[in-house]
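Residue numbers (my numbering), protein chains in the order written: chain E, 189 to 782; chain H, 25 to 149.
Among the clues, some could well be false.
[Unchecked claim] Quick list of simulated restraints, FRET-style, between CB atoms: (1) Ala52/H to Phe751/E: 30 to 38 Å; (2) Tyr769/E to Pro61/H: 38 to 46 Å; (3) Gln437/E to Met60/H: 50 to 58 Å; (4) Pro130/H to Lys364/E: 32 to 40 Å; (5) Met60/H to Asp370/E: 26 to 34 Å; (6) Asp687/E to Phe58/H: 21 to 29 Å; (7) Lys475/E to Arg27/H: 25 to 33 Å; (8) Pro130/H to Gln714/E: 36 to 44 Å; (9) Met60/H to Val770/E: 30 to 38 Å; (10) His119/H to Asn397/E: 47 to 55 Å; (11) Leu778/E to Asp50/H: 41 to 49 Å; (12) Gln622/E to Pro61/H: 43 to 51 Å; (13) Arg541/E to Met60/H: 31 to 39 Å; (14) Ala684/E to Ala52/H: 27 to 35 Å.
It is worth saying that the hints were derived from the structure and are not from the lab. No residue lacks a Cβ here, since even glycine has one placed at the ideal position from N, Cα and C.
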Amino acid sequence: MLSLSLVWQSSVAQTDATIPSREIVRPNVVLLLADDLGFSDIAPYGSEISTPHLTALAENGVSFTNYHTAANCAPARAMLLTGVDSHLAGVPNIPEMIPPVQQHADHYQGVLGQDVVTVATLLQTAGYHTYMAGKWHLGQTPGLLPSSRGFERTVALGESGADNWEQKPYLPIYDKANWYADGKEYQLPEDFYSSRFLIDKTIEFIDSNSASEQPFFAYVPFQAVHMPVQAPQEFIDNHMGVYDQGWHQLRQARLKKAIELDVVADTTQAVSMPTTEDWDSLSDERKRYEAKRMAVYAAMIEAMDHHIGRLVDHLKRIGKYENTLFIFTSDNGSEPTGAVNPTTLLSNFALSRQSYSSDYERLGLKGSFNSISPSFASAAASPLAYYKFFVGEGGLRVPLIIAGNGVAAKGLKTDVFSHVTDITPTILQLTHTQEPSSYFGGRKIEPISGRDISQTLSNHQTQVRGEEDQDAVGYELAGNAALFLGDYKIVLHVAAPGDGQWRLFNIKIDPGETKDLSSVEPKRLQRMLNLYHQYEIDNQVLPITANFDLKRQVIINGVHARFGPQILNFIILMFVLIPFYVVYRTRKNLEARD
Amino acid sequence: MNRLLRIIVVIPAIIFVMTGIGYILDPANTAAQFGMPLLEGLGRSSQIGTLAAFFFTAGFCVLLATTTGKRFWYYPAAMLTGLTATFRVIAWLVHDATLATDQILPEVIFTFLFLYAATRLKEKD
Numbered sequence: 189m190l191s192l193s194l195v196w197q198s199s200v201a202q203t204d205a206t207i208p209s210r211e212i213v214r215p216n217v218v219l220l221l222a223d224d225l226g227f228s229d230i231a232p233y234g235s236e237i238s239t240p241h242l243t244a245l246a247e248n249g250v251s252f253t254n255y256h257t258a259a260n261c262a263p264a265r266a267m268l269l270t271g272v273d274s275h276l277a278g279v280p281n282i283p284e285m286i287p288p289v290q291q292h293a294d295h296y297q298g299v300l301g302q303d304v305v306t307v308a309t310l311l312q313t314a315g316y317h318t319y320m321a322g323k324w325h326l327g328q329t330p331g332l333l334p335s336s337r338g339f340e341r342t343v344a345l346g347e348s349g350a351d352n353w354e355q356k357p358y359l360p361i362y363d364k365a366n367w368y369a370d371g372k373e374y375q376l377p378e379d380f381y382s383s384r385f386l387i388d389k390t391i392e393f394i395d396s397n398s399a400s401e402q403p404f405f406a407y408v409p410f411q412a413v414h415m416p417v418q419a420p421q422e423f424i425d426n427h428m429g430v431y432d433q434g435w436h437q438l439r440q441a442r443l444k445k446a447i448e449l450d451v452v453a454d455t456t457q458a459v460s461m462p463t464t465e466d467w468d469s470l471s472d473e474r475k476r477y478e479a480k481r482m483a484v485y486a487a488m489i490e491a492m493d494h495h496i497g498r499l500v501d502h503l504k505r506i507g508k509y510e511n512t513l514f515i516f517t518s519d520n521g522s523e524p525t526g527a528v529n530p531t532t533l534l535s536n537f538a539l540s541r542q543s544y545s546s547d548y549e550r551l552g553l554k555g556s557f558n559s560i561s562p563s564f565a566s567a568a569a570s571p572l573a574y575y576k577f578f579v580g581e582g583g584l585r586v587p588l589i590i591a592g593n594g595v596a597a598k599g600l601k602t603d604v605f606s607h608v609t610d611i612t613p614t615i616l617q618l619t620h621t622q623e624p625s626s627y628f629g630g631r632k633i634e635p636i637s638g639r640d641i642s643q644t645l646s647n648h649q650t651q652v653r654g655e656e657d658q659d660a661v662g663y664e665l666a667g668n669a670a671l672f673l674g675d676y677k678i679v680l681h682v683a684a685p686g687d688g689q690w691r692l693f694n695i696k697i698d699p700g701e702t703k704d705l706s707s708v709e710p711k712r713l714q715r716m717l718n719l720y721h722q723y724e725i726d727n728q729v730l731p732i733t734a735n736f737d738l739k740r741q742v743i744i745n746g747v748h749a750r751f752g753p754q755i756l757n758f759i760i761l762m763f764v765l766i767p768f769y770v771v772y773r774t775r776k777n778l779e780a781r782d
Numbered sequence: 025m026n027r028l029l030r031i032i033v034v035i036p037a038i039i040f041v042m043t044g045i046g047y048i049l050d051p052a053n054t055a056a057q058f059g060m061p062l063l064e065g066l067g068r069s070s071q072i073g074t075l076a077a078f079f080f081t082a083g084f085c086v087l088l089a090t091t092t093g094k095r096f097w098y099y100p101a102a103m104l105t106g107l108t109a110t111f112r113v114i115a116w117l118v119h120d121a122t123l124a125t126d127q128i129l130p131e132v133i134f135t136f137l138f139l140y141a142a143t144r145l146k147e148k149d
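Okay, chain E solo, but in the shape it has when bound:
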């Protein structure tokens, strides 16, 4: 296997990114990123969904059960790829959701700033081939595309999501789905299905340098399971009937399984989210429909797992598997913004405007728009509270599996607190690539704030962070805020279903966030509030506007982007025409009087 690995020497041209002087064998790295995958959506974390290839990875490595990311996608991707807090990386929120008043700040553009360096750039500089196939969503201008941010070969989706069967936008705020290959606009093939296509491209990129002795870094940010939730029929068939008992039963079943698997403490309880409908009150027709929505969701996850298996098999076939490090995770928790009932007349009319259907028979197939409602999203995050966009554990805590080369432990589950900003420094450590200092390529950069967690990949659990002030990890998204310190977490949700109150939880014994400790431990609460205030200052967090609403802001920004010039032209036209109309009516009135 050594012959297939790079024996890399410091004579390779380097800048400030690298630099061991001795000969070392550096692993290939495959970074697999699911989209909107809930905490218990894969089998190693308690899911009923069959994910044998992810299970195999978990058995061949370490599963992190206390890993936290951002509450929505682009901030998570920015932190994942840079190790820098989302605010300092220029992506405190997705651009579609940033109100104009915040967009005046340079670091609130929702695109990856030029004062952060991606792990791809660092690895490329250190002699790696770097590939990316999947959703980017960190900027679409030429200097912001992945081909300009350290990736040698790319096929990338620019928006927050897109159809999985064809090149088509999934929301009316987009006029098209922009795909790019190596920095140029790209037309998807006719036989496109997202997970299959992205793995095919990854394999193609890897094989294009099969003769090279350089290792590779492959970043595969899947579209699965972002809406529209779509999957091939053969995978859907596997899950029909599985969800007929509804979301309450599923949430409880996953809680039980997660405890059995030691994914969460046996003291764990789950709250009932106020957004969860009463399953028993639904009509039989609604139950049938909701069960299929979730079946398609499960099928999309199973399809992703199937294609991950194809990549693993390919690496085995070409002899690169043994020297490859695999990292699998999700950008944020499960997506709750799907329509509660997508079969209403209004929903159907809106979908038909985009040439989508919510027809039961075709659900998940080409031309169909599917999602899960907040009720099944809560089950997907079981046993955690909340989901995507919120800073409850269901929005932030997701699976993380690290396996393969460099991972001594096999089948280990660790509840060591870890964070999305830890991934980049960990990859750098495992690839023997030096972290950049405060300058890179002659320009000042934001230093990495995440920590190397590679020491947790042995059989000995090691805390990466203690309980000192400098160990605190803060987070903010559109006013919703959290701070982690030791086993504790403070949480603020500014709007419903939150209540604008800071709460304190021990997330080690109560990951479901059922028992607010703020009145029991007021000193700890105050200390953590002070640390959060410092986090806001250090990371230049801007206050959110009054009455901010995520969904409404997306619509407003989308209308501005797509229809702004037309609206302005209409208003100007009215200003020109109305005086003529007033004069005309006045004359008519005068004539009538005469």
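Dock chain H against chain E, hints included.
This is chain H only, laid out in the frame that chain E set:
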């Protein structure tokens, strides 16, 4: 019917006048309701002067229309509310202001209400 309509249009008129008084007696809190801080110096003078005049004018015009029965008094009020809504949209489109839907919607409703009242009163006269 016209009596009911007069009562309905008087409600926003009273709100306008009260807001105008608010700008004179308690400008800080009144400005805060519109997402503004109370400015200093010349800015405060312009802020209180123009906004108090705006709301008094809108309110008094409607009150004049309903008490005198002269429909044309509705038009300045309709122009003020209608143009405010329009310029809010332009501010959003061109100057990165917040799209103040919570304010625009009532302004549009008031505009159409005043125009409708003007039409109805014309029939009476």
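Could you tell me which of the hints above the structure violates, numbers in ascending order? The structure conflicts with hints 5, 7, although it agrees with all the remaining ones.
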